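Asks: Start from the sequences, fold in the hints, and give me the full structure.
Chains A and D, in that order, give the protein sequences. Basically my numbering = 1-based index in the first sequence + 405. Basically my numbering = 1-based index in the second sequence + 70.
By construction, these hints were calculated from the structure, which means they are not laboratory data. Treat the numbers as computed from the prediction; the structure is a model and nothing was measured. Each hint should be verified, as a subset may be incorrect.
Partner residues aside, some chain D positions facing chain A, computed with beta carbon under 8 angstroms [what the hints assert, rightly or not]:
hint : residue
1    : Ala290
2    : Leu291
3    : Ile298
4    : Val446
5    : Pro447
6    : Val521
7    : Phe533
8    : Leu543
9    : Gln546
The beta carbon of each residue, even a glycine, is placed where N, CA and C say it ideally should be.
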Amino acid sequence: MITPEPDALEPLVRELHRQATPWLPAGQGTRLPWGAPVAADTPVVSCRMLDRLLEHAVGDFTVTVQAGMPLRDLQAALAEQGQWLALDWPWGSGAAGQDSGSIGGLVARGMAAGLRQRYLGVRDQVIGLTLLRADGTAARAGGKVVKNVAGYDLVRLFAGSWGSLGLITELSLRTYPLPRQRRGLWLQGDLAGLERLRQKLLAAALAPELVDWWSAPLALAAGQAPQPGLLVSLASVSAAAIGAQLTEITSEAEAAGLQPQRLDCERLEAFRAVALGPGLDPAKSQGQRWLLRLGVLPSQGMALLGDPTLAGVPGWLEGGSGLGLAWAPAPQLPAYRVEQLRRRCQELGGALTLLEQPPGADLPAWEDAPSRPLIEAIKRQFDPSQQLARGRLPGVRPGPIRSGS
Amino acid sequence: MFEPLDPAHTRAQGPVLSRAKGPASGPGSCHRHDWPELARALRQLLPAKAVVTARQELLAYDSDGLTLERHQPPLVVLPETTEQVAAVLRLCHERSIPFVARGSGTGLSGGAVAEVEALVIATSRMRQVLSVDLANQRITVQPGVINSWVTRSVVGDGFYYAPDPSSQQVCTIGGNVAENSGGVHCLKYGVTSNHVLAMEVVLPDGTVTTLGGPQPEMAALDLRGVFIGSEGTLGIATAITLRLLPAPASVAVLLADFASMAAAGEAVRQITGAGVLPAGMEMMDSPCIQAVDDYFGFDEYPREAAAVLLIELDGQEQEVQDSVQLATRLCLQAGAGSVRQAWDEPARARLWKGRKSAITALGRQSPSYYLQDGVVPRTALPEVLAAIGDLSLEHGLSVANVFHAGDGNLHPLILYRASDPGVQERVHRLGGEILRLCIAAGGSITGEHGVGSDKRCYMDWMFTADDQATMLLVRQAFDPERRANPGKIFPTPKTCAESARRAVELKVQGVALPEGVVAF
Ligand SMILES: Cc1cc2nc3c(=O)[nH]c(=O)nc-3n(C[C@H](O)[C@H](O)[C@H](O)COP(=O)(O)OP(=O)(O)OC[C@H]3O[C@@H](n4cnc5c(N)ncnc54)[C@H](O)[C@@H]3O)c2cc1C
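Replies: What follows is the structure, encoded as structure tokens:
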């Protein structure tokens, strides 16, 4: 991994371009193998030396940072001013955000989690960015204000681009005041009852922070009965308002035949830490493993959770969006079942993306998007010599893996 | 999700990369097309009544909500289906004909106007709700569907569509997508881009594709995100899937008046800082207040106030009650003269009425106005408003301000009399200087109305040549011949003397301009 000083970054990228050398844009480099594989010997260019907070406009609820800044440091700095980025720690982080990687990496992967229910996704939080194109050209998109429609929205193009279009070097994001009050609810019972409650929660004006389905094995990992459950987080301006919401949900839950468990902030955090999985090092979880990005229509979450292809696999699914994650040690989940699971997700109106897979499985990380030709046309414009993250273009089914350039 | 696509129409290959078919087919070229002949060809593809050629009828398409500039198009078509739009665009592609998509023509930046001779493709007959999926809280509509119809079609089931531009009774979802429109409630709920899941789009060469998908994140480059706000320059959206939200259980509106803009700004700061996220937060200055009071014939708002602040709070009942208490206390602490609260629908409508009538009221006082749209960081509002006041005196033109205080989106109205000699020039100059203030404060030249033709000459103030060249890479991929809404958003030497000068300056400095951006 090359970690140039800020001043050396642009000349380096220009030099790589001159030589048409393939390279992989990176932040802290914590989750580089996720997604479609790039050739094993591809040099990695990290922006980890770009780790400064440039401006926190406290009164404007915006922050501008260098992209290599660790997410954990950024959240800590914002918390000193009573604010936060309303984003989940990425999967694989520790409970306090250890190993959460850089803010730039989070945006480049573009994956949000449960908090999307209230605060929307990663791409909805970014208001501007600076990038280095493959040829070393630096460009800005968006701005530093929360509302802005001047020019094309390249911010969204780069959020979730997985390094395929350029290196993000700077980001402006919207911040939120830390919630004054936060409480959780953990609910278990029969699936139909949980589904009824999920529908109620989403159709009511409660604006929960998150409503996540949990699979039975994940519930077990949190010390609960090995049955599916729903984790709910509520935030509000006052204890009274939260109390009223808890009462409302509790009575709905009981009517649906569920046993609600109230969680204080600490216990809620403990639950959420379990959902972050066993950590980044696959070796620690019995060797090679699968990490699967699930996607179904929200109304099909229950169907997916009860599906035999997911039996025994810990995972969660956002109740509102139908997106989730599941993971399993390789020996526990044969590749054919992952293929079945992919078909199942497609039948349920979604898709399956492989973030990690055991070596030799050779399943495509993602399938072709309907707009594949257009995605390829964009790629040719931004990276005509195909230098960046070669082999990894979201929306284009990866071909057979080739090594070397 | 959408009607099944005819595979023959889906793109088999990436777009051609060569710049243009012929030397004269670029935007703004003087290339003459044989419009009567094209009309005949279009009648082969569309029902006869869908091809508009009569001068009288074409007049209706000569401007949008920005009436300073008028250009009557040579030909207008009114397709009803995706297939028809695709057929029309294929024909345009074969013949190198530029085109302009048009919704209701309420845009405020000249976006839907054909400045150069181009085929106008209006969506006024694409008004069907294609599907409603309440279990998944989404709805799919044709682009000509009026914004407020979306809510109307699901309100009975307790849902609504959040983005609510003031023009929502007339403007279309297609126009909203193209402009990434906002509204009073976008402070809490976000703008159009935060509410679109998927779109069916006809590309400038006539192929049909889908951008986005059933989940808010897809394992694909987010072309949906880049299409939204592209002002008709990347293709035509023909079906749009929108997210629906549950209607709030409780809504309250507060109205506070202040003796100074600074105090009102302080109230906004305190409220957001306290963790209260209002659905909307709108402010009006003294000229607006007086115009509204004059218009109503009684003092709806305290006439001597320097600012009034309207705050709408919504959500769960207890939450709204607590937020109302907190916000009321904070307004009073910041120096509010009085704070009125409204809970039931008629009382809330009454408090909003002044805000909603503000532009009409100002229109009563002044025969013409130019509505500017700029953004500043919220904390810079008092300072920027004071500077706008100074500019107004300097230029001898009245300016009234009514704006979205929560997100710093200013809407200064420059009031003028069109018959005054040379006044349009002065209005434009003042408008430009206001935008300079916004940029100097770290803001943007547009928060929701778009760049269109009105503001393209200010793009240089906000974005460098490299920034714009990078944006144009997207254009190159979608529309290599630049036939979709030609000449919009980006400055051209012909339209922007300043940009032309800039290009010369940059060349003199030895800055190499990227290929394909002859425009700068
Ligand atoms: C009184 C008034 C109040 C307003 N208030 C607000 C407000 O509060 N917030 C706000 O954001 N805006 C506001 N606007 C501006 C305007 O209403 C919005 O920009 C609206 O989205 C335009 O919709 P339209 O259907 O009229 O589009 P048009 O004006 O017809 O077109 C606008 C642009 O969209 C493109 N377009 C239209 N349909 C399509 C399509 N199907 N595919 C691709 N491109 C397309 C056109 O080419 C053009 O560039 C207001 C305007 C008026 C007159």
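Asks: If a hint holds in the structure, say so; if it does not, say that too.
Replies: Now for the hints, and whether the structure bears them out:
1. Ala290: holds, 3 angstroms
2. Leu291: For D/Leu291, the interface hint holds, since the closest Cβ of chain A sits about 5 angstroms away, which is under 8 angstroms.
3. Ile298: holds, 7 angstroms
4. Val446: holds, 7 angstroms
5. Pro447: holds, 4 angstroms
6. Val521: Status holds, d = 6 angstroms.
7. Phe533: Interface hint status for D/Phe533: holds (6 angstroms vs cutoff 8 angstroms).
8. Leu543: For D/Leu543, the interface hint holds, since the closest Cβ of chain A sits about 4 angstroms away, which is under 8 angstroms.
9. Gln546: Given a least distance of 5 angstroms, the restraint on D/Gln546 holds.
Of the numbered hints listed earlier, not one is contradicted by the structure.
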